[in-house]
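Protein chains in written order, with my numbering: chain A, 1 to 316; chain B, 1001 to 1316; chain C, 2001 to 2316; chain D, 3001 to 3316.
Read the hints as simulated data drawn from the structure, not as lab findings. There's no promise every hint is true.
[As the list claims (entries may be wrong)] Using C-beta positions, here's what the derived DEER-type ranges look like:
#  : chain 1 : residue 1 : chain 2 : residue 2 : range
1  : C       : 2081      : D       : 3151      : 56 to 64 Å
2  : B       : 1184      : D       : 3060      : 35 to 43 Å
3  : C       : 2184      : A       : 22        : 36 to 44 Å
4  : D       : 3183      : C       : 2228      : 28 to 36 Å
5  : C       : 2005      : D       : 3060      : 50 to 58 Å
6  : B       : 1153      : D       : 3285      : 50 to 58 Å
7  : C       : 2006      : D       : 3183      : 15 to 23 Å
8  : B       : 1028      : C       : 2185      : 51 to 59 Å
9  : D       : 3219      : C       : 2228      : 38 to 46 Å
10 : C       : 2184      : A       : 221       : 22 to 30 Å
11 : A       : 286       : B       : 1160      : 41 to 49 Å
12 : C       : 2005      : D       : 3151      : 30 to 38 Å
[To be verified] In silico DSS-like links for lysine-lysine, alpha-carbon gap of 30 Å or less:
#  : chain 1 : residue 1 : chain 2 : residue 2
13 : D       : 3287      : C       : 2081
14 : C       : 2298      : C       : 2002
15 : C       : 2299      : D       : 3081
16 : D       : 3287      : D       : 3299
17 : A       : 81        : B       : 1299
18 : A       : 287       : B       : 1299
19 : B       : 1163      : D       : 3163
Think of the CB as a built atom: it goes at the ideal place given N, C-alpha and C, for glycine as much as any other residue.
4 protein chains.
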Amino acid sequence: MKELSIQYLEEAIEDSRPFAASGNVNMTLPNFDETMKDLLGVSIITTDLKCYSAGDHRQFIPMQSTSKVIGLMLALQDFGKERVFNAVGMEPMGDFFNSISQLESYDTSKPFNPMINAGAIAVSAMIKGQNPANRFERYLTFLKEITDNDDLAMSEDVYEAEKANGARNRALAYFMQSTGTLVTDVEEALDLYYRMNSVMMCCDDFARVGLFLARGGRSPRSDDRLIPPHHLRTVKAIMMTSGMYNSSGHYAVEAGFPCKSGVSGSIIGAIPGRMGIGVIGPAIDAKGNSTAGGALIKKLSQDLDLNMFGENGGLS
Amino acid sequence: MKELSIQYLEEAIEDSRPFAASGNVNMTLPNFDETMKDLLGVSIITTDLKCYSAGDHRQFIPMQSTSKVIGLMLALQDFGKERVFNAVGMEPMGDFFNSISQLESYDTSKPFNPMINAGAIAVSAMIKGQNPANRFERYLTFLKEITDNDDLAMSEDVYEAEKANGARNRALAYFMQSTGTLVTDVEEALDLYYRMNSVMMCCDDFARVGLFLARGGRSPRSDDRLIPPHHLRTVKAIMMTSGMYNSSGHYAVEAGFPCKSGVSGSIIGAIPGRMGIGVIGPAIDAKGNSTAGGALIKKLSQDLDLNMFGENGGLS
Amino acid sequence: MKELSIQYLEEAIEDSRPFAASGNVNMTLPNFDETMKDLLGVSIITTDLKCYSAGDHRQFIPMQSTSKVIGLMLALQDFGKERVFNAVGMEPMGDFFNSISQLESYDTSKPFNPMINAGAIAVSAMIKGQNPANRFERYLTFLKEITDNDDLAMSEDVYEAEKANGARNRALAYFMQSTGTLVTDVEEALDLYYRMNSVMMCCDDFARVGLFLARGGRSPRSDDRLIPPHHLRTVKAIMMTSGMYNSSGHYAVEAGFPCKSGVSGSIIGAIPGRMGIGVIGPAIDAKGNSTAGGALIKKLSQDLDLNMFGENGGLS
Amino acid sequence: MKELSIQYLEEAIEDSRPFAASGNVNMTLPNFDETMKDLLGVSIITTDLKCYSAGDHRQFIPMQSTSKVIGLMLALQDFGKERVFNAVGMEPMGDFFNSISQLESYDTSKPFNPMINAGAIAVSAMIKGQNPANRFERYLTFLKEITDNDDLAMSEDVYEAEKANGARNRALAYFMQSTGTLVTDVEEALDLYYRMNSVMMCCDDFARVGLFLARGGRSPRSDDRLIPPHHLRTVKAIMMTSGMYNSSGHYAVEAGFPCKSGVSGSIIGAIPGRMGIGVIGPAIDAKGNSTAGGALIKKLSQDLDLNMFGENGGLS
């Protein structure tokens, strides 16, 4: 087991960066191009609030699917576990994140879980607020508090690109409307979903979200519990079984702690009682996970003994 | 948080027993009938080797799918991670345990994971041995050692019943042969699989298997490591994402530690660094999990703070 | 074999009407209610232009899916067989008419055929015209000519209901947009599709469409060929394999000539070289076909020796 | 429209032979190799019993799936329509001929139709006989009579190869046993199925089967009706919607008469009231149909005006 230090992280970054070569940058995102392919950054914040960063950790990228974690926390807060999981399942899916067949092929048309697009659209439609602007405002305010970063903002360019490329998500949402799973206005639900995906964050911010999950939902500002621990357990368990698209099983084995990735190349990791991790690495594989970022996550797990399935349950 | 004691376990049993009413006993198993419906037993063995049992913990039932855990350990031991997962995936499936569609609907015809029937048949075909008798002998010897119970034996009646009701497993195996996934003799592979499922165990034995996983693969006799810890991490991670049929996501949320169930009503639980749990409760739900046993597992998790996604990672 | 006469048709109607009891009226259509359940009407027009009608043949109902036949004729006329079947397949599907899974589960995301909703949306998007109003105008003008009925018009109420209940079709259309199958504006394509479905017709009109297909695409006014015979063969073949939702195979066996049904309870039949048939019977089965209308179609086939698979190929 | 003559057929063969280049010979069949790739033969026998043959019409090949037509006739004869279609559906499938997913994905586990492997296994299990040898004997005797060819025999080599490559069919059969669809002995059912597929025939024989279907089930020897016409209508209708694997819709459009193909490159065609066609062309496409043979079938349809969906219903 190695010791966590900035120098160690810099070495780990250099070890993992070559894996970017096997991935591809998601060119549908504005300003994402070949020049971003080799970017790789990491921040780790431990529960005793020490912060370690290395590599391209100041690079800002859109949250994309990592927003699903935030949406789920807010929906659980607003409606409780029973009502949320009345609208969406909690089972891993074994299929691509934007699958529509799964909505059709089972008895109920509930999306499998809140980490796939259909599930996240259904869940984010549950975030309370008087109007769409208001609901996104609430999301952003919460995100600013848990990351302790008042500068967070949505990228208009990303939001517009999400809308322009939104046909698949529209199909998912209208399908759910047709089966009664989605009862709110479809275009409003999608609009909120696109906005949530379009908030720009860097490694520190992603790590702060992981830390929030790892240390019982405490505000970094007031140390108040903003979300009850039992809801966070739910979120982390679902990240473990479903957070890394249809490589979630692989990451449960190889990393062994709750993670959530986004197609921008972002990864949030949360090791309960120990630390939050934020990674960015825009080159992604066919399943949507950062190739270099994923390699880094697995290396950190091994070197720092983070695997919760180890003999000591990941608590060294 | 409550204190672990025999008295506590007896209370927990009585709290959970009513859930048997919503389940059904699997009548295809010999001697399984209505009189078994309300049976419920539990054993817990902590890593400091204290043993607590309550309820019908002396009832013997066939291992059924809990044998998949043993088969996976032996295959990993014999062929290593790379070769095992060349033959079978490690992704959760989101479908019923005996699904054959999944074999057909993806690019490769690899079974999703070793916890579903197709995957377990493919994995157990990897257990080394000169002939079928020899291979089952090896399985049983290993099982006797890790449970410290030389009396374990296969039930001929259960074995015959498995064979007689084996059409679905035959279909899975021949399908895998047709795609080249299963290269050994199909009938031999199935025979071993049926034998593995037919070993009779009671709660203490199931708990011993859980303990073996929880404390680094050490023999209860010699304290030697029989299986390297990295293989056990793999097994536990796969139990977490796929061990409870297509309720695995639910159990990850509600229990929060690796479990594996069988349609005889057996459940093995392993809390890394803390304890092994063995439960029997023959009334099962539509997905194949013990209803009263599952209720008990969730209650234990809550009362004894076993959820690994909690703030302290399940290590109290 | 019986002789075709009005009296025979009236007897056939009374024989078939009781089958309405096993169906249900599609209440999502305006003015469709229980009082319509027992309606049953038929018109037959032979290629020598004799017309026989009986029962509730003057009842007007919306075309619904029978419009798919018209849309396909116009698209073939406008773009030719190669380009139309570049966008849509010609294989029967074996699944429900509004299935979205099938779009996802095959190599290409082409809809299986033009008789299912996805396929018909893709095909109707090919009807030429400078703008949506213009394209629907063309559809209606063509329909007026081949039915020799200038009074045909769209029901605004049905059109509004189609739009209001359009979530599933929207999902199909956006899915096709996401895969590049649908390249035109989705909302425009759907609007035309809804309008086409909303034209009101009675048995005589439906029979006229069947006759048009049966006698080589000749205008009942000018006797000119409006659509080349080779396109009509294509349309009739696809009606035979796919025209009756996922009971098409059943109707190929039991009726044995090309038919197309709609969920309003309409059926168009075309017996090449012999006659066109129009049926209405609003009580439909779970697959979308008129129960009494279907029974009537099968009875006509038997009594009048219309089955093309008979020894004389349906030409008595 | 061209006139049917041996010279015409020889020209049609030469026109169609180049399509063999795009296909592949099924090398799992004994003695099938590259040297067979360009073989192409045809026989046509009209209902007035004139016979026209050309090309490699004397080449013998195994029946393969063309046997499904014979099996269905015998099962209908033995059990009647209701009981046969209680065990198997009559709907086209839209999936590959050896699909197992379809058995699992619908409410009932009935195979879609008797032209796919699962359906044919279920149907041939219905052929009456005291023992397997007896049942095959009955099949062969019937086949000899309708082809007027007492020399027909099974190839032992093909039969052995069928058995050796039978894993997929075994999987289908055991799956059907597990759902109660197949109630007879699985290995016996498969054995009969393999034997049926292994009978060797040449173009004349295949054409005789087509003629039998086309002229009302009359024995070429006694002119007695061996199978009632209503059963033949059923068989021909199912050939039209499902006879050419998942290109059946394509052939309904492009040929327009009932056909059944086999992966040996055989095709049986039946034009009701007009003629039977037998084609062999061992180079097959990815769906299992002879490429040159399919091209020839379509050319014959066009040149000889055989398309039943034409204005005159295929009766020139």
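Q. Does the alpha-carbon distance linking residue 3287(D) and residue 2081(C) stay inside the 30 Å limit?
A. Since the Cα atoms of residue 3287(D) and residue 2081(C) sit roughly 22 Å apart, the hinted pair holds (cutoff 30 Å).
Q. Does the hinted range 41 to 49 Å hold for residue 286(A) and residue 1160(B) at CB?
A. holds (46 Å)
Q. How does the Cβ-Cβ distance of residue 2006(C) and residue 3183(D) compare with 15 to 23 Å: does it lie in that range?
A. Check failed, 50 Å falls outside 15 to 23 Å.
Q | Hint check for residue 3151(D) and residue 2005(C) - Cβ pair distance inside 30 to 38 Å | A | Hint violated: Cβ distance 53 Å, outside 30 to 38 Å.
(Q) Range first: 22 to 30 Å. Now tell me if the beta carbons of residue 2184(C) and residue 221(A) are that far apart. (A) violated (51 Å)
**Q.** Outcome of range test on Cβ distance (residue 1153(B), residue 3285(D); 50 to 58 Å)
**A.** The hint (50 to 58 Å, Cβ to Cβ) holds, given that residue 1153(B) and residue 3285(D) are roughly 55 Å apart.
Q. Is the straight-line distance between the alpha-carbon of residue 81(A) and that of residue 1299(B) 30 Å or less?
A. Roughly 17 Å between the alpha carbons, so the hint for residue 81(A) and residue 1299(B) holds.
Q. Does residue 3163(D) lie within 30 Å of residue 1163(B) when you go C-alpha to C-alpha?
A. holds (22 Å)
Q.
Please verify whether residue 2298(C) and residue 2002(C) have alpha carbons no more than 30 Å apart.
A. holds (14 Å)
Q | Distance restraint hint 36 to 44 Å, applied to the beta-carbon atoms of residue 2184(C) and residue 22(A) | A | holds (37 Å)
Q: Sort out whether residue 1299(B) lies within 30 Å of residue 287(A), counting only the CA atoms.
A: violated (36 Å)
**Q.** Outcome for the supplied range 38 to 46 Å, where the beta carbon pair is residue 3219(D) and residue 2228(C)
**A.** holds (42 Å)
Comparing the model with each earlier hint shows violations of hints 1, 4, 7, 10, 12 and 18; every other hint is respected.
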